[in-house]
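Put chain B on the given structure of chain A with help from the hints.
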Amino acid sequence: MTPSQALAPATGTTRHPARAGSLWPLWFAAGLLLCGAQVLWTLQAGFLTPVATDRWRTALVALSDAAAFRELFAVTFPPLLLSADMIVALLPGTGSVPVPLLVNVLVGGALAAAWASMLADGGYGRLTAGLAALLLVAHPTLQQAIAAGEGVPLAVLAMTLLTPAALRVRQGGEVNAMAVMGAALALILFSAASGAYLVLAMLPFLVALSPPVLVARSSGGVLLVLLFPVAFTLAGYLYTNWIFGGSVTAFAQGVDSAIRGASGNLGAYPWLMGWGRGAGGAFLAGSLMILVACPLLPFILWRVRNRQARLSLALLAGSVLAAIIIASLTHYLDHPGRLLPYLLPVAIVGAAAMRPGLLPSPLLLLLATLGLGGGWLSQSIAPSPNMTAWHRALSGQDVSSVAAQEDAAFGVLLRGLDDVAMDADMSGLVVPARGGAEGLVLTSTDRLKADILTRRLSTRYIALQDPQSPRGQRDRISRALPDLWRDGPPGGRLVAMRGPWRLWEQTERVDASFREGGQS
Amino acid sequence: MDFAPPIGELLVARDLLRLDQLEQALELQKKWKVRFGDIVISQGMVKPRDFYRTLADRFGLAYLDLMENRPDPTLAKPELMQDYARLLVLPWRHQGDRVIVATADPGPETLLFARRQFGPDVWMVVTSKFDILWNLQRTFEAEYSHDAVFGLADMDPENSAKQVVTPQQGLFLYACLSMLLAGLAFAPIATLITLNLVMAVFYLGNFLLKTVLVWFGSNARVVDRKVTDEEVRALRDEELPVFTVLVPMYKEPEVLPILAAALRRLDYPMAKLDIKLVLEAGDRETIDAAKALGLEGSFEIIRVPPSKPQTKPKACNYALHFARGDFLVIFDAEDQPEPDQLKKVVVAFEKAGPQVACVQCRLNYFNADENWLTRMFTLDYSLWFDYMLPGLERLRIPIPLGGTSNHFRMDVLRKLRAWDPFNVTEDADLGVRLTQKGYRVAVCNSTTFEEANVSIPNWVRQRSRWIKGYMQTYLVHMRHPVDLYRSVGAGGFWGFQFFVGGTMLSGILNPIFWGFYLFWLLVGGTFLDPLFPTVLLYLSLFNLLAGNGLFTYLSIIAPVKRGWMNLAPWGLTVAGYWALMSVAAYKALWQLIRNPFYWEKTQHGLSAVTKQEVAKAMASMNQ
Chain A
1 MTPSQALAPA TGTTRHPARA GSLWPLWFAA GLLLCGAQVL WTLQAGFLTP
51 VATDRWRTAL VALSDAAAFR ELFAVTFPPL LLSADMIVAL LPGTGSVPVP
101 LLVNVLVGGA LAAAWASMLA DGGYGRLTAG LAALLLVAHP TLQQAIAAGE
151 GVPLAVLAMT LLTPAALRVR QGGEVNAMAV MGAALALILF SAASGAYLVL
201 AMLPFLVALS PPVLVARSSG GVLLVLLFPV AFTLAGYLYT NWIFGGSVTA
251 FAQGVDSAIR GASGNLGAYP WLMGWGRGAG GAFLAGSLMI LVACPLLPFI
301 LWRVRNRQAR LSLALLAGSV LAAIIIASLT HYLDHPGRLL PYLLPVAIVG
351 AAAMRPGLLP SPLLLLLATL GLGGGWLSQS IAPSPNMTAW HRALSGQDVS
401 SVAAQEDAAF GVLLRGLDDV AMDADMSGLV VPARGGAEGL VLTSTDRLKA
451 DILTRRLSTR YIALQDPQSP RGQRDRISRA LPDLWRDGPP GGRLVAMRGP
501 WRLWEQTERV DASFREGGQS
Chain B
1001 MDFAPPIGEL LVARDLLRLD QLEQALELQK KWKVRFGDIV ISQGMVKPRD
1051 FYRTLADRFG LAYLDLMENR PDPTLAKPEL MQDYARLLVL PWRHQGDRVI
1101 VATADPGPET LLFARRQFGP DVWMVVTSKF DILWNLQRTF EAEYSHDAVF
1151 GLADMDPENS AKQVVTPQQG LFLYACLSML LAGLAFAPIA TLITLNLVMA
1201 VFYLGNFLLK TVLVWFGSNA RVVDRKVTDE EVRALRDEEL PVFTVLVPMY
1251 KEPEVLPILA AALRRLDYPM AKLDIKLVLE AGDRETIDAA KALGLEGSFE
1301 IIRVPPSKPQ TKPKACNYAL HFARGDFLVI FDAEDQPEPD QLKKVVVAFE
1351 KAGPQVACVQ CRLNYFNADE NWLTRMFTLD YSLWFDYMLP GLERLRIPIP
1401 LGGTSNHFRM DVLRKLRAWD PFNVTEDADL GVRLTQKGYR VAVCNSTTFE
1451 EANVSIPNWV RQRSRWIKGY MQTYLVHMRH PVDLYRSVGA GGFWGFQFFV
1501 GGTMLSGILN PIFWGFYLFW LLVGGTFLDP LFPTVLLYLS LFNLLAGNGL
1551 FTYLSIIAPV KRGWMNLAPW GLTVAGYWAL MSVAAYKALW QLIRNPFYWE
1601 KTQHGLSAVT KQEVAKAMAS MNQ
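Chains as they are written, first to last, in the numbering used here: chain A, 1 to 520; chain B, 1001 to 1623.
Think of the hints as simulated: they come from the structure by calculation, not from any bench.
Just so it is clear, CB atoms sit at the ideal spot from N, CA and C, and this is done for glycine as well.
Where hints are given, some of them may not hold.
Unchecked claim - Away from chain B, derived, C-beta distances all over 12 Å, residues of chain A: (1) Ala37; (2) Leu40; (3) Arg168; (4) Arg217; (5) Ser219; (6) Pro229; (7) Ser257; (8) Gln397; (9) Asp483.
As the list claims (entries may be wrong) - If you anchor each label on the Cβ, the simulated ranges turn out as follows: (10) A:Tyr239 - B:Trp1215: 35 to 43 Å; (11) B:Gly1515 - A:Leu238: 52 to 60 Å; (12) A:Leu311 - B:Pro1354: 34 to 42 Å.
Pulled out of the complex, with its shape left as it was, chain A reads as follows (with noise of 0.2 Å):
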């Protein structure tokens, strides 16, 4: 179902247009294309952010050990995307490849696509439809997104799902449009952290963006409907925490958790310390950023003539600005920027709904077109670490961190050894640099929690960092173990230091033959 389709008289009665369905692959290519060849430019540059960092490392060792993706399935969030991450990491070939980067990118592939078939069916001509898709594609806030490893993307695909199907919500009060937009919002809870507080931000509009006749009659069956599907898998998610997490919170409890975005380190955000402070202040910027980055957005609501696509399309953009305010108050959000792709959706929908007669393509591609400099713009004020290396990287210069530079080093020096005892939650690029977990023993493995509570580790190589790093201060086997980071294991003899981390090899090892299992 297309937005226009939406819009179609209640009678049955459909357009039909010129399909642009043909020429979807060609649209998927050059989105594919066009994200791919910034990834890699940036990357190049040495953009390769935590989040994405985390999510490869995360990926690679839940693939690589049973028990270590019952851990990490049931606590991490969002779980989409390590699911995501896992299902291209088992493809072949990906073995180098920064798996979140990857799938950032064919999200971005299936986004150009999926926009260019709306815009087509809204009867625009094919290469209209894909160009205009392309440039809302290649929209900074996005791109950015996509760069930095972010679950964003992934969401706003969700989004392209629930916008169509709320507009069709609003007219006619179709069932599968409520299914549809229940598990967009289910989708878009779990595809990343700022989909959460975007879902959060939503609940107050979803009976406005109901059907009044249905609300009439239950507004509480209403949002039943629509609600459930998010309820019913946020409680099986805080179950599976409770059962392989052991709190129904587990997944926020580290405080660098994603869902607690940039609460952790305030002040080095300048949005959380500037605008982003006061609700006024997230209001008015957010409101500026919005106009600025997506001015498709204020022209369809100013000149859609259908009101209740009118009414849908702002209230979905309504709570984009919402979710900024509520993201900035409870300190997740670094920079608005981060919400803003949501709109995009929301721009092509509209845009489909009006039609070439009230947005002829000329205006439609140039109103893309200024988005992109609005969007560069926007991620101007006051911008995040990320955003600023990301430029820098953009513009060539080197943004590389001396801390993954030597993760990276030491990763490499690990490959082709087996039974190393490694804290991998705490490993930064180690594991994704060493190509895989295989080999190591986890923290999530049987034994090596069995050595830490005997307090002398039977495997080969123990890799561990140094307790007084920040990120040794949290290394399981560094913090059990104080000393072995600095002494070694008894007899032990020091492979190899590479910045914080140093890798030991025992040469008088405990026998470990009644402990199986725990190597991967």
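Only chain B this time, still in chain A's reference frame:
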């Protein structure tokens, strides 16, 4: 040349018909293109006996009351009983060398038939069609009865549930049980893991299929606007076929007025309706109630002689001998079909093509808001008829027909020997059999409203019969799985496994898994860990969370199509309804073993809303 005055004028001349009635009847005759007699009788303008008496005079023949002057039973030939019913003719008695033949339709075809069968000197007398039908039933009671019970079993024994489990199936079950016991004895953990895996895959398949079905079924443009009002309005009355309406009833006189009123409300030429109230001969109270309603000539009462099994399909098979329609539909006594249903079905048949032998309309309830059970039952039916059956149609999976409002092409129904009297969900079985024989079942966006069960014991009785019938249907059609696979294709085969097999099996299995889960929640510990290797653990966890969540959600969205949003929150309590289903499933399993053909009667008329509906129906009939 025929110089006799038209029958209408004769009736007016005898003060049996008013002039305005004559004009009205002639107008309708022009519009409907049916015989004048059918109009005046179906509209209740003239009493049948007066009409046929006048008809006899019109043809210069004698009139005979067969109820007072019974025919000689030795004259009628059993091999011709279908022709007698079709032509409304019956040999009465000998007079000398001549045979006197009674008929309600003294036309050339009847005369030709009579001369061919009884010689050129045959004499004709006129009688009422009701007398013919009544005497046919008396004369051929044994033959009709035998055919109703054993027609399918004699002609197509492989498709009859007369034999519950075939020897091959028994052997297969025995082998499975032996393997299971041997496995438990020699490799208990591996056996239990295998069993667990099979069950997990079954649950996964079940819930994936139902998700897909609901997805397809929720497409309003395809499903809910399949037949539009414009298409119905475009129909011309004279082109409409004759529709037989069967209403099998047993001891439910109290709800009869509902159906009578609903049938009178049907937007269909009354003269093209052949309505048959199918009653058990011993059910005096319903027979008397039907007579007391003073129904028009379109309504006929068929008395089904007592025989075993005493089931609805047997009664319908019996009544089928006297059906004269091109199409046939079954309604229950308390049914309220939407007025345009028959016309919508005609359009649906036209659009569907010759392969479609049956059109199933939706069922739902008029007393949805009466109590928790009726609400849940309404959600259940909404999901089943509004979503799943359209999904089955779309995916070309055999559709197990619902109890009523299934409309058949008469020729196909007769060819397949209609319903299996040994199957207690004969409708579900027939739906699958039709698909197996190369026909298709379509669904139609018209609803018949019924009375939802208001009492749990009554509901359990009804549901246990349905599940038992599903078990019978599954066993019958899985006698030759390869043939089934060939006839319905891969999609149809697996759809049948999960939809029919899954529906009955999930009720049996659910309590076992719930029990394990609750026990683990209460006791904790790792004693179940060996049965859940990692992959299986995640599959089971997925089934537990996604499966239960999805089925609950399906119950929540079930009433949305009808806009009954107030029922949506009740979907959250569906787990209680599943528990009831499991009770019914175990009862069904027990009955399948102990008493497979026993028909658990559902008592109607218990609802307060039904009583109001009866009162309304009576009031409308008295107007």
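Hints, verified against the model:
1. Separation of Ala37 (chain A) from chain B is adequate, the least Cβ-Cβ distance of about 37 Å exceeding the 12 Å criterion.
2. For Leu40 (chain A), the non-interface assignment is confirmed: its Cβ lies about 35 Å from the closest Cβ of chain B, beyond the 12 Å cut-off.
3. The non-interface label for Arg168 (chain A) is inconsistent with chain B: the shortest C-beta to C-beta separation is roughly 10 Å, within 12 Å.
4. The Cβ of Arg217 (chain A) sits about 4 Å from the closest Cβ of chain B, inside the 12 Å cut-off, so the non-interface label is violated.
5. Chain B draws Ser219 (chain A) into its interface by the beta-carbon criterion, the shortest separation being 8 Å against a cut-off of 12 Å.
6. Residue-level check failed: Pro229 (chain A) sits 6 Å from the nearest beta carbon of chain B, not beyond 12 Å.
7. At roughly 22 Å, the least C-beta separation between Ser257 (chain A) and chain B is larger than 12 Å, which holds for a residue marked as non-interface.
8. Look at Gln397 (chain A): its CB is around 45 Å from the nearest CB on chain B, clear of 12 Å, so calling it non-interface holds up.
9. No beta-carbon of chain B comes within 12 Å of the beta-carbon of Asp483 (chain A); the shortest separation is about 35 Å.
10. A beta carbon spacing of about 26 Å between Tyr239 (chain A) and Trp1215 (chain B) contradicts the range 35 to 43 Å that was offered as a hint.
11. About 24 Å separates the C-beta atoms of Gly1515 (chain B) and Leu238 (chain A), a value inconsistent with the hinted range of 52 to 60 Å.
12. Checked against the given bound of 34 to 42 Å, the beta carbons of Leu311 (chain A) and Pro1354 (chain B), roughly 48 Å apart, lie outside it.
Hint violations for this structure: numbers 3, 4, 5, 6, 10, 11 and 12, all remaining hints satisfied.
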